[in-house]
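Participant: The task is simple: from the sequences and hints, build the whole structure.
Spelled out, the chains give:
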Amino acid sequence: MRKRHPNKYTNMKGMRRMKKLCVALLLLSVMTGSAIAAYPEKNPQGYIMWGAGGAMDNVARAITPIAQQHLGKTIILQNKTGATGAIATTFVANQPADGYSLLFGAENPNLYKVAGLSQIDYDQLDPVLLMMANVGVVVVAKDSPYKTYKDFIDAAMSGKTISVGSTGPGGLAFVATTMIEKIHGMKFNKIQFDGEGPCITALMGGHIDAVAVGLLAAANFIKSGSVRGLAMISTERIPGMDVPAVTEAYKEYGPYLPWGAFFGVFVRKETPKEAFDALQAAYLKAYEDPKFDEFAKSMGGVKLGLTGDKARAYIKQNQSVSAWLLYDAGGAKFSPADFGIPRPQSK
Amino acid sequence: MAQNLQYFLIPFLQPEMMLLIWVGVFAGIWVGAIPGLSVTMAASLLISFTFSWDINSALALICGVFVGGVYGGAITAILINIPGAPAAIATAMDGYPLAQMGEAGKAIGLCTTVSVFASFVGIVVLAVAAPVIANFSLKFAPRDFFLLAVMGLLLIGSIGGGDPIKGITAGAVGVLLSMVGMDPSTGELRYTFGNLYLMAGISFVTAMIGLFGVSEALTQFRSSGMKSPKQNLDRIIPSWATFLKYLPLSLRSALLGVFIGALPGTGGDVAALLAYDQAKRSTKHPSRPFGKGALEGIIAPETANKGAIGGAFIPMLTLGIPGDAVTAIIIGALFIHGLKPGPMLMIETPHLFWMIVSCLSIASVALMVLGLISVKPFAKIIEIPKEIVMPVVIILSVIGTYAIQNSVVDIFYMIGFGIIGYFLRLYGYATGPMVLGLILGPMLDANYRRTMQGAENQILPFLQGFVTSPISLFLTLSIVFLLFSQTATYRRWRGLE
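As given, the protein sequences belong to chains F and B, one line each in that order.
Position one of the first sequence corresponds to residue 0 (numbering that gives the first Met the number 0), numbered consecutively onward.
Position one of the second sequence corresponds to residue 0 (numbering that gives the first Met the number 0), numbered consecutively onward.
FYI, nobody ran anything at the bench for these hints, they're computed from the structure.
Pair ranges (Cβ atoms, derived):
hint: 1; chain 1: B; residue 1: Gln457; chain 2: F; residue 2: Ile182; range: 24 to 30 Å
hint: 2; chain 1: B; residue 1: Phe220; chain 2: F; residue 2: Asn42; range: 37 to 43 Å
hint: 3; chain 1: F; residue 1: Asn42; chain 2: B; residue 2: Leu4; range: 41 to 47 Å
hint: 4; chain 1: F; residue 1: Glu273; chain 2: B; residue 2: Glu187; range: 42 to 48 Å
hint: 5; chain 1: B; residue 1: Ala1; chain 2: F; residue 2: Asn42; range: 46 to 52 Å
hint: 6; chain 1: B; residue 1: Phe11; chain 2: F; residue 2: Thr147; range: 46 to 52 Å
No residue lacks a Cβ here, since even glycine has one placed at the ideal position from N, Cα and C.
Facilitator: This is the structure in structure tokens:
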């Protein structure tokens, strides 16, 4: 174009043409924008941050087949593991914000910043739905001398060495144990295992004295009497579980609660509203499906069903408790204050 | 009893389940044979796929894939020296030399027969002694897993090639590479240089595909002009005499496999490696020297990894604790179908136990038939010119690697390992010890640390544990004996007998 019209006048004309072109492009983009309103037009991809067979994986694979019936497209699930979920979180945060990349995430990203692992966490994502909570429970072997939570704490306070299982700094077991240590002012001997399942295996084999794990991992072992549940780390008892709430014995836990792991579906911030709403509607319908109820009950999970601001508040509360506990225990590289994470407030 | 028999017969009375088991075994053989495609992966895909099905049908398919998949790994190990799965690493040591001598048909035939036998050994132990073994396996402390890993490392002597220094070097590099990523104990980052993808660590399957698959393909290109050995396919099924001759070894390795499989967290790969080492040390007069086509070198690992299938179900069905990665996924599947895997499974849904026993039995029979039928077509693969087979291997390696965790970065790792492996071989280093180091490194590291943490980081209580616990004492003495049996003093003494 420039070769044919080298003079100033035609350049002006060219500019005007450019303007027209711009308007046309803008219109086109608005039109394609409205085409996105027909979400979903292709199969969304779901990335699960933990490996096959784990609790996160089970929750994702239980709810998604129901949700996709309501969505009208198949959601292709895959496990993208590594660095406690930071790989999957970073990946989804770097995909286009079009609602075609879903993250199935647990509470782990809440600690990425203080652990110095990654700067990308739930601040870059929006919760579509928090499906389930995983409340902590302190368990001992079935032949353990500790019959109640008070027995257990008294023994630990008397200076006896008590070995407890852990799944690594930032894991539910580690944070719960740190919470107990901080409240009662004592120390456990922590032994590291590959996950909550192996912790329970070690407990049953007599290789550790106690462990605080998520109820999802422990429910069936408690119900069958293979291990003994001493206390739920929550303010109230969980229906169907014959385990007292920790606040029944010690009120001091109050400010830290409610606290627990959670499982949710996330998409990138700035995802078009149509896409976000369609996904949320599909997952909410699946959440209310009796089939998912049955699944939640058999696993021992507490249904959450939080969306929007409530979901955000739940995530922030978990982050505040976990990050500060980890930091105070010397397990964090950076202070939560550096990232504007407030200390847990007493209520 | 009559009740249990009724449960056992469930799959026999449902043609659909029967069909699914056979389909599963057939698909499993292929999944197992392709490097990178694993039973674990297939099982987790099947869970989404079978979501709307009846749980019985889903389990039938998964059991079929499990049995077929563990077997399939041996096919490529024998034919092209590329183990399709970690459980078949040891099988390649003697299987490939046999194929080079034109005996691939015989090797696969023998492998199939003893595999089916071992699979039944595992099933019988599962059916008869599950609760006893499950409770015993719980007694294995972190210290004992540490000792098992040490025992596994001694295998470097068997698969390290001629030069011990080179074998140990390759093994040490493997252990070192396994340390990359997050420290399992403190979460501290090791050798990651601030890179998020290094934080995820190096998956040993990725390394295995590179070191065995791509590096083998590259090595074979060097000899591309050479004619492939003509395969003798007359006697595929081993004679009764052969079968009976190797029966004691088969039974011993299968039982070892059942037990290692029943230990939570260890599966067919560790079982097969330990069995190979054990066979090499205990066989006085192998059919040919080990590493040069000894039939014992195929029988031991293949019976151990099949025995481990039944073994892995033992803690899963009795305690709700997975024996390996595949049973961990099956536990997830049961949850999703609204069942309660765990100690209550046997009480609330007793039919599941006998149904799984039955599915595994049918799958083993299917393996016999499908395995033997496919010996001839499989053995023909070896006669296809390398210029055609090896590029296919490389393509499959790339696909398989990507499929592990949908990561493009893993493909680069895999190719990197392939090139490293090529040069290692060129300079006379075996790649086996490196993979061994990668598999056993995390087991060694995590369990040593756990034992130390249990002893509150005190050296004396740490050492005491090795002699005060009966299991640890037995394992420690076994290792001491294994080492001592290699000394000149011991050999002279045995020689004088």
